[in-house]
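S.K.: Just so you know, the protein sequences line up as chains W and U, in that order. Read in order, the letters of the first sequence correspond to residues 92 to 392 in my numbering. Read in order, the letters of the second sequence correspond to residues 36 to 459 in my numbering.
Think of the hints as simulated: they come from the structure by calculation, not from any bench. Any given hint could turn out to be false.
Straight-line alpha carbon distances no greater than 20 angstroms define the calculated EDC-like cross-link-like pairs of lysine to aspartate or glutamate that follow [as the list claims (entries may be wrong)]:
| no. | chain 1 | residue 1 | chain 2 | residue 2 |
| --- | --- | --- | --- | --- |
| 1 | U | LYS73 | W | ASP360 |
| 2 | U | LYS125 | W | GLU102 |
| 3 | W | LYS146 | U | ASP282 |
| 4 | W | LYS328 | W | GLU304 |
| 5 | U | LYS73 | U | ASP234 |
| 6 | U | LYS125 | W | GLU94 |
Okay, the calculated bits of chain W under chain U, using three or more residues with CB under 8 angstroms as the criterion [unchecked claim]:
| no. | segment |
| --- | --- |
| 7 | 111 to 120 |
| 8 | 141 to 153 |
Every beta carbon over 10 angstroms from chain U, so not counted as near; a handful from chain W, in silico [claimed, not checked]:
| no. | residue |
| --- | --- |
| 9 | ASN199 |
| 10 | TRP259 |
| 11 | GLY269 |
| 12 | TYR290 |
| 13 | ILE348 |
| 14 | THR365 |
Where is the CB? At the ideal position from N, CA and C, for every residue including glycine.
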Amino acid sequence: MKEYNINHLRELEAESIFVIREVAAQFENPVMLFSGGKDSIIMFHLARKAFAPAKVPFPMMHIDTGHNFKETIEFRDMLMEKTGTRIIIRYVQDSINQGKVVEETGYNASRNKLQTVTLLDGLEDLKIDCAMGGGRRDEEKARAKERFFSHRDEFGQWDPKNQRPELWNLFNGKKNMGEHFRVFPISNWTEMDVWQYIYLENIEIPNLYFSHEREVFQRDGTLLAKSDCIPMRADEKIEKRIVRFRTIGDATCTGAIESKANTLEDIIDEVAATRTTERGTRSDDKRSEAAMEDRKKEGYF
Amino acid sequence: MSEKASGYLDMELLRFTTAGSVDDGKSTLIGRLLYDSKAIFEDQMEAIEISSKKRGDEEVDLALLTDGLRAEREQGITIDVAYRYFATPKRKFIIADTPGHIQYTRNMVTGASTANAALILVDARNGVIEQTLRHSYIANLLQIPHIIVCINKMDLVDYSQETYDKIKADYQKMVVDKLNIKDVRFIPISAKLGDNVVDASTNMDWYSGSPLLDLLENIKIVDDRNHGDARLPVQYVIRPQSDKYHDYRGYAGRVASGVFRPGDKVKVLPSGIETSIKSIDSFDGEQEVAFTPQSVTVSLSDDIDLSRGDMIVDANNVPNVGREFKAMLCWMNERAMMPRGKYTIKHTTNETRCMIGDIHFKVNIDTLNEDTDDKLVGLNDIACVSFKAAKPLFFDSYKKNRLTGSFILIDEGTNETVAAGMIL
Ligand SMILES: Nc1nc2c(ncn2[C@@H]2O[C@H](COP(=O)(O)OP(=O)(O)OP(=O)(O)O)[C@@H](O)[C@H]2O)c(=O)[nH]1
Ligand SMILES: [Mg+2]
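Work out the full structure: start from the sequences and follow the hints.
M.R.: Here is the structure:
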């Protein structure tokens, strides 16, 4: 029977493709959230696989905080152009200008929380009934609890204590007017799976993930990149280091790690040896013990 | 890439679930398994050390590794399934840690429905209790192929062989013999202290079997899959709007069971028309074979119009086609089942309405006997029920085929998933 056996990456791939096709079949107006990070890149890759030789039948959507690394945006535009994919971009800056949210102030100000409002407004304006996200259950303890098909009420909120049962591969995407779903096709992938898959499939990723020299400074044990959107304290000193990023979020909250890994093979070795989670480099999760759960309840990705 | 890392590229996936009564130590066991197999990261460990201290615990509570919701941490119980991942050089594991509390049985069913193996925990001080029976019954109903009964908290009964033997005999008599379960193993452990979890215990020389992780690494799972009956439920029709693929029509779906090859004679349901597989297509080109659990796209030799919910099957081995069937139901909603009620049924990629028919019996969880008098099917009840669907479904018995034999019921008023069904 060995010949009818597939390895873990192919099994995860098959599961994700099934979920993505299920979204296309069950919803009228779905989008796939695309941030330019590795998780959304593989999710997009899986979507292309799911519908080949046809095009992906739904658009991508990016909630742009304006605090991105420029490499991420360049990569996003290049990939969408190359694959002929439509992407909807909504700007947190617009929500600020419209007075819907108020920008945080201070040294640790972040637009992370604000993007929830921009996202929910975008979904409502465009009558989007399902947003796929690249969240993985291994990332964080509240995410470890979420279903593939995660129901949101008319306020976009998640009720973790009252989730619908989800059995076998039977996904219930039924909802009332005004409600929507968040669907997480790569729920069961780990960071290691993602890197192995990128290697196996030879998927292009932004060069931020590879080792490079960058101007950085230390804050609360995290190495932050020098950036126009992060005000610096007087005692913080810029220095040049050889770094790479394990995750790519906003420049304001994504820490770099010192690393010489500049090939996918090196990165896989590094991930295999690491003793901290990738979220450990994200200061947005360190704000409180249930930071992620609280943000998710409000409608965060 | 180092040899170690490249070895991880090609591994087999095993999904397992925990089950058993509240506080029997399921989450602690998963925490221990992750901790002792070095799958816990430093920042995760630090975070649970801080939480344990905050709560005033003397020791680190490993259950906090999976009990990730605020309410769970406050109450010290599991409410919903947590998924955890780890890998050893032999295998990659997906763990579903489920709640033991009866109120959250539906979440246990969620975690168990896709599992290859179930760990059923029993507190050595309490032995086999109602919730052990309920979860064992459900695990068996879901046809989880491998059951490992972990008799836990052995540290609290002086690692007594006598206690272990008694619980094992009870379980054998009350569950295994009664339900005719095939692959059951027993193992004495202490989740809290780590005995027989990853490392063999030094406190129980009388136990000669292997520790838990060893078992998990070596259970054979390939043969559990159904490679016999070729079934492909059509999930989505692919019609590229481009000149190059002008007349192309691909039927996308996940192979539910069996094997397909180009040239194979197939029948399409519900029309019953026979044709053959022309090609199996993927992003990377044509494929020579498609088998469960792959997601594929096939094209057919004849120009037939199929849509979502139809099924492509082996021409010489077709499933049942019909509107009436009998099934075991797990009811999962506070609102009881309505006799003669109408619900939406989701079965494979098909969806239609159905009506509840005769209620043949309910399972009495205390005795695991069939009760033919009680007709009220409410939250957490398990019952045998007849159905009539609004249009024909293509199904096998759940025993033969987990994917073409399972369905869910949806309440048309609330949109909630109210029951899980397994066709007899
Ligand atoms: N002495 C001892 N205590 C244990 C052992 N395993 C678990 N416990 C304790 O039993 C209590 C309950 O453990 P949990 O792991 O939360 O139980 P659970 O089965 O996950 O409970 P639910 O998920 O709520 O159903 C905790 O206080 C654990 O520390 C063991 O092997 N020995
Ligand atoms: Mg628990």
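S.K.: Each of the hints needs a verdict: does it hold here or not?
M.R.: So, going through the hints one by one against the coordinates:
1. U/LYS73 <-> W/ASP360: holds, 16 angstroms
2. U/LYS125 <-> W/GLU102: holds, 16 angstroms
3. W/LYS146 <-> U/ASP282: holds, 15 angstroms
4. W/LYS328 <-> W/GLU304: Between W/LYS328 and W/GLU304 the Cα gap is close to 16 angstroms, so the pair holds against 20 angstroms.
5. U/LYS73 <-> U/ASP234: Satisfied, since the Cα-Cα distance of roughly 12 angstroms is no more than 20 angstroms.
6. U/LYS125 <-> W/GLU94: holds, 18 angstroms
7. 111 to 120: holds (count 4)
8. 141 to 153: holds (count 6)
9. ASN199: holds, 19 angstroms
10. TRP259: Label violated. Min Cβ-Cβ 5 angstroms, cutoff 10 angstroms.
11. GLY269: It holds; W/GLY269 is separated from chain U by about 13 angstroms at its closest Cβ, greater than 10 angstroms.
12. TYR290: violated, 8 angstroms
13. ILE348: Answer for W/ILE348: holds, closest chain U Cβ roughly 13 angstroms.
14. THR365: With a cut-off of 10 angstroms, W/THR365 comes too close to chain U, as the shortest Cβ separation is near 8 angstroms.
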